[in-house]
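So the sequences go chain by chain: A and B. Heads up: the first sequence is residues 1 to 455, going by the UniProt record's numbering. Heads up: the second sequence is residues 1 to 455, going by the UniProt record's numbering.
Do not take every clue at face value.
Listed next, with one range per pair, are the computed distances between beta-carbon atoms [said to hold, decoys possible]:
(1) 279(A) <-> 445(B): 47 to 55 Å
(2) 353(A) <-> 374(B): 21 to 29 Å
(3) 376(A) <-> 294(B): 18 to 26 Å
(4) 153(A) <-> 367(B): 31 to 39 Å
(5) 305(A) <-> 374(B): 28 to 36 Å
(6) 372(A) <-> 374(B): 22 to 30 Å
Not everything, but these chain A residues come out facing chain B in the computed CB check (under 8 Å) [as the list claims (entries may be wrong)]:
(7) 247
(8) 309
(9) 316
(10) 340
(11) 341
(12) 344
(13) 406
(14) 416
(15) 418
(16) 419
Quick caveat, the hints were computed from the structure, so don't treat them as lab data. Keep in mind it's a predicted model, so treat the numbers as computed, not measured. For every residue, glycine included, the Cβ atom is placed at its ideal position computed from N, Cα and C.
Number of protein chains: 2
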Amino acid sequence: MKVVKFGGSSLADGGQFKKVTDIILMDPERKIIVVSAPGKRYDGDTKTTDLLIQLADRVTEQGDEQDAFRAVMARFETIVTELKLPAEVLTDIEEHLARLIETYRDDAERLYDGLKASGENQNAKLMAAYLQQRGEKASYVSPDEAGMYVTDDPGNAQILPESYEAMKTLRDREGILVIPGFFGYSKTGHIVTFPRGGSDISGSIVAAGVEASEYENFTDVDSVYSVNPALVETPYEMKEVTYREMRELAYSGFSVFHDEALLPVVKKRVPIVVKNTNHPQAEGTRIMAERTPDDMPVLGIASDKGFVSINLTKYLMNREVGFGRHLLEIFEAEEVSFEHTPSGIDNMSVIIREHQLENGKEERIIQRIQSELKVEDVQIERNLALVMVVGEGMARTVGVASKAATALAEAAVNIKMINQGSSETSMMFGVDAAKADLAVQSLYYAFFEKQKTVQ
Amino acid sequence: MKVVKFGGSSLADGGQFKKVTDIILMDPERKIIVVSAPGKRYDGDTKTTDLLIQLADRVTEQGDEQDAFRAVMARFETIVTELKLPAEVLTDIEEHLARLIETYRDDAERLYDGLKASGENQNAKLMAAYLQQRGEKASYVSPDEAGMYVTDDPGNAQILPESYEAMKTLRDREGILVIPGFFGYSKTGHIVTFPRGGSDISGSIVAAGVEASEYENFTDVDSVYSVNPALVETPYEMKEVTYREMRELAYSGFSVFHDEALLPVVKKRVPIVVKNTNHPQAEGTRIMAERTPDDMPVLGIASDKGFVSINLTKYLMNREVGFGRHLLEIFEAEEVSFEHTPSGIDNMSVIIREHQLENGKEERIIQRIQSELKVEDVQIERNLALVMVVGEGMARTVGVASKAATALAEAAVNIKMINQGSSETSMMFGVDAAKADLAVQSLYYAFFEKQKTVQ
Chain A
1 MKVVKFGGSS LADGGQFKKV TDIILMDPER KIIVVSAPGK RYDGDTKTTD LLIQLADRVT
61 EQGDEQDAFR AVMARFETIV TELKLPAEVL TDIEEHLARL IETYRDDAER LYDGLKASGE
121 NQNAKLMAAY LQQRGEKASY VSPDEAGMYV TDDPGNAQIL PESYEAMKTL RDREGILVIP
181 GFFGYSKTGH IVTFPRGGSD ISGSIVAAGV EASEYENFTD VDSVYSVNPA LVETPYEMKE
241 VTYREMRELA YSGFSVFHDE ALLPVVKKRV PIVVKNTNHP QAEGTRIMAE RTPDDMPVLG
301 IASDKGFVSI NLTKYLMNRE VGFGRHLLEI FEAEEVSFEH TPSGIDNMSV IIREHQLENG
361 KEERIIQRIQ SELKVEDVQI ERNLALVMVV GEGMARTVGV ASKAATALAE AAVNIKMINQ
421 GSSETSMMFG VDAAKADLAV QSLYYAFFEK QKTVQ
Chain B
1 MKVVKFGGSS LADGGQFKKV TDIILMDPER KIIVVSAPGK RYDGDTKTTD LLIQLADRVT
61 EQGDEQDAFR AVMARFETIV TELKLPAEVL TDIEEHLARL IETYRDDAER LYDGLKASGE
121 NQNAKLMAAY LQQRGEKASY VSPDEAGMYV TDDPGNAQIL PESYEAMKTL RDREGILVIP
181 GFFGYSKTGH IVTFPRGGSD ISGSIVAAGV EASEYENFTD VDSVYSVNPA LVETPYEMKE
241 VTYREMRELA YSGFSVFHDE ALLPVVKKRV PIVVKNTNHP QAEGTRIMAE RTPDDMPVLG
301 IASDKGFVSI NLTKYLMNRE VGFGRHLLEI FEAEEVSFEH TPSGIDNMSV IIREHQLENG
361 KEERIIQRIQ SELKVEDVQI ERNLALVMVV GEGMARTVGV ASKAATALAE AAVNIKMINQ
421 GSSETSMMFG VDAAKADLAV QSLYYAFFEK QKTVQ
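Take the sequences, apply the hints, and build the full model.
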């Protein structure tokens with residue numbers, strides 16, 4: 001049994017619905033379908049979710065909500081018309097939205113979550129209706145019926161552990177099941193949406209819950225690329241990538257698959273296959289526990305900005321048992337998590353995401369470091385990007401650091417920090433944020449241009 | 001006023017005493033002399049301190065101590081004879097040693113500390129007597145008279161803060177003062193020796209206490225080399241090196257100057273000048289707060305063995321606020337200090353000196369990591385060497401990492417870990433201990449052979 005998730009662009013209009021249906025029917029293992037809200041049909045189009053947010057904005061501003069309401073309905077209407085679905089489908093959607101607005105008019109948080117979720121929710125109903133019209137035994141399964149129980153934290157739902165057990169029963173249901181992505185239900189019966197990565201998370205949870213043989217994730221690219229395709233001309237297409245590699249890449253700037261979405265399937269070792277709705281015959285990218293060994297030391301290069309480094313100096317620091325613990329405790333007290341802590345003999349840096357330092361946290365942290373650790377110097381270095389070179393093959397290969405550092409030197413990128421842990425699956429370079437793209441390009445050229453010609 | 005310390009080889013026999021005296025008299029600023037015990041006169045000779053330890057061994061074993069006693073006396077007798085010092089000097093030494101043995105016969109710790117210290121102690125008396133014979137106003141000053149108060153921790157004395165204030169009065173004393181290195185007195189009146197670096201520590205403390213204009217450290221090399229001279233043919237001689245550079249090098253394997261010996265002068269910014277007793281006209285190496293900028297990014301390359309890395313893996317580790325703090329707390333509870341903590345996304349390593357893991361500490365640490373941090377995997381990697389590339393110029397130079405990593409790759413040395421903090425004064429490479437020398441040699445060749453031809 002496969003769980004198949006279709007992204008927003010895969011379900012943007014009636015034509016895409018037909019493609020998706022063909023894909024579903026091509027493989028009888030494709031039993032559970034998780035859908036996103038209708039996405040962009042063309043450059044400059046607005047996603048349904050954004051239309052729904054605009055509608056929520058109007059309602060909370062107590063402005064004229066009719067135009068915004070009609071804009072949302074127009075998206076669904078186009079699909080219903082294109083697919084020649086019965087008119088009552090559309091009436092249902094309209095009543096559903098109106099009811100949501102009335103119920104939550106004075107509760108902005110719930111209103112936003114409810115409206116945002118309805119893009120996926122209604123789209124799942126349309127998908128189920130269209131499959132039925134095509135003669136398939138198919139049913140819409142709401143997340144609460146599916147067992148998708150989440151914490152009651154609007155916009156940031158976390159799955160509750162009992163959900164996985166509850167979802168097992170989905171295996172026994174007949175026909176094709178269509179489940180909306182992006183949200184679950186709290187124990188108090190409220191709709192609560194997931195953080196970024198929304199529908200990918202839903203699909204991953206369902207795939208883990210039913211212990212699927214595969215979690216297929218259909219989007220609009222043939223594969224996951226080794227590097228941000230906006231930065232190089234013909235990016236290398238990854239055929240296989242391990243969870244670990246994907247996680248390092250996702251963490252450091254790859255937007256393909258958020259790490260929240262990886263976690264559920266990693267635990268159950270369900271392979272993810274990223275495929276293209278518009279080109280389903282392409283092999284796609286398999287994300288799995290172990291991949292076939294090859295001779296490529298590096299599989300991907302990612303970068304992310306928005307980091308700062310808090311650098312401190314104290315003579316004989318490393319003789320003070322408890323210094324590092326005390327330092328990290330100061331960050332912990334402010335609920336700030338750190339990325340890396342590179343160190344010299346008498347200095348140590350704590351690299352963190354800058355957005356964590358709001359509301360006076362920066363001042364309090366610096367002040368405590370000065371007064372409690374009695375450092376000689378503490379400074380904050382901003383505009384830092386972390387560039388990550390990732391590949392399970394790095395551990396087996398001598399010279400990766402050399403090639404990477406040489407590529408950066410030749411591009412005149414100053415390396416501010418380097419960190420390579422014992423796993424040897426990744427190597428981190430801290431560089432000036434303004435040089436991050438150049439760093440990625442030069443590293444890509446060094447590791448991939450030659451690899452490609454060899455194959 | 002200069003404080004001048006002479007090492008063991010500089011005072012190994014009467015001939016060396018004469019050289020040392022000439023050096024002292026060459027510069028009227030050389031007012032305070034700190035001396036080591038007589039060292040080796042030739043390859044295969046035994047240092048006086050080792051003879052004293054053998055004597056202590058005999059006494060504690062309750063064996064025949066006469067031969068060992070005579071061997072110690074023979075060393076002093078040779079010097080006394082060569083310098084034509086009065087015979088009572090020798091009688092004094094003999095009585096002193098005999099009294100020490102009688103006093104501490106049943107207290108092994110005190111016996112060892114007392115006998116070990118007497119090498120320096122008696123040598124200082126000889127030096128003072130010889131200076132007097134040469135017509136100088138000179139006096140022996142015992143460490144308690146000098147104000148060298150230390151903790152009562154045999155073999156591991158730590159200076160007490162009030163010592164610095166007490167030593168200030170030495171400035172007002174007339175003539176040349178000769179102080180034995182290597183030990184101080186506890187508040188209970190016992191002789192207590194310093195840890196490794198012994199007499200260098202004493203000299204540094206005195207130099208800081210009297211706020212000397214320079215702390216001259218006479219040994220048997222023309223300068224401090226940029227690399228272990230046993231590893232390369234014509235090692236680069238450092239003219240100037242900052243405290244910070246010296247400390248990084250000393251910490252990572254340079255035996256010239258231990259970091260315990262650096263600390264006192266660093267605080268008072270007294271420059272250290274390392275010079276050669278056998279070639280005093282050589283300029284030597286100045287260790288100071290700031291050095292003259294030059295175009296050499298790297299000033300020294302050091303390595304040290306005996307490290308292990310405790311490597312742990314846990315999915316989404318970096319999301320857990322408090323994970324790093326908790327990990328370091330486990331090491332702290334066992335009083336184990338760490339060197340570096342390189343990390344990936346889901347893994348973290350703690351590099352420590354292996355000798356710290358004795359007495360079940362290793363098992364307890366691993367066990368607590370497993371049970372309290374619920375990691376997926378924890379492993380201990382042994383036989384690790386840390387190779388340190390050091391230079392204040394690195395921060396100003398693009399391409400240092402590239403050159404270093406390329407040198408290691410070309411020598412087929414696999415880099416297990418890399419760490420470069422924000423100070424950019426040093427870069428650490430973790431390599432297999434068996435490859436440490438090769439790593440140092442290849443790095444030296446890369447950074448120095450070309451630098452040398454340019455000059």
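A quick look at each hint next to the structure:
Roughly 53 Å separates the CB atoms of residue 279(A) and residue 445(B), a value that falls within the hinted 47 to 55 Å. Restraint check, residue 353(A) to residue 374(B): a C-beta distance of roughly 24 Å satisfies the suggested window 21 to 29 Å. Separated by about 25 Å at the C-beta atoms, residue 376(A) and residue 294(B) satisfy the suggested range of 18 to 26 Å. Between residue 153(A) and residue 367(B) the C-beta distance comes to about 35 Å, which sits within the given range of 31 to 39 Å.
As the Cβ distance of residue 305(A) to residue 374(B) is approximately 32 Å, the hint placing it in 28 to 36 Å holds. For residue 372(A) and residue 374(B), the hinted distance range of 22 to 30 Å is satisfied, since their beta carbons lie about 29 Å from each other. Look at residue 247(A): its Cβ gets to within about 6 Å of chain B, closer than 8 Å, so that hint holds up. Taking 8 Å as the C-beta cut-off, the interface hint given for residue 309(A) holds, the closest approach to chain B being about 5 Å.
A hinted interface residue such as residue 316(A) counts as satisfied when its beta carbon comes closer than 8 Å to some beta carbon of chain B; here the least separation is about 6 Å, so the hint holds. Contact between residue 340(A) and chain B, as hinted, is supported at the beta carbon level, the nearest pair being about 5 Å apart and thus within 8 Å. Using the Cβ-Cβ criterion of 8 Å, the hint placing residue 341(A) at the interface with chain B is satisfied: the shortest such distance is roughly 5 Å. At about 4 Å, the closest approach between the beta carbon of residue 344(A) and any beta carbon in chain B falls short of 8 Å, and the interface hint on this residue holds.
With its C-beta approaching chain B no nearer than about 4 Å, residue 406(A) sits inside the 8 Å limit, and its interface hint holds. The criterion of a C-beta within 8 Å of any C-beta in chain B is met by residue 416(A), whose closest approach is roughly 6 Å, and the hint holds. Because the closest C-beta pair between residue 418(A) and chain B is about 4 Å apart, less than 8 Å, the hint holds. Given the 8 Å rule on beta carbons, the hint for residue 419(A) holds: about 5 Å separates it from the nearest Cβ of chain B.
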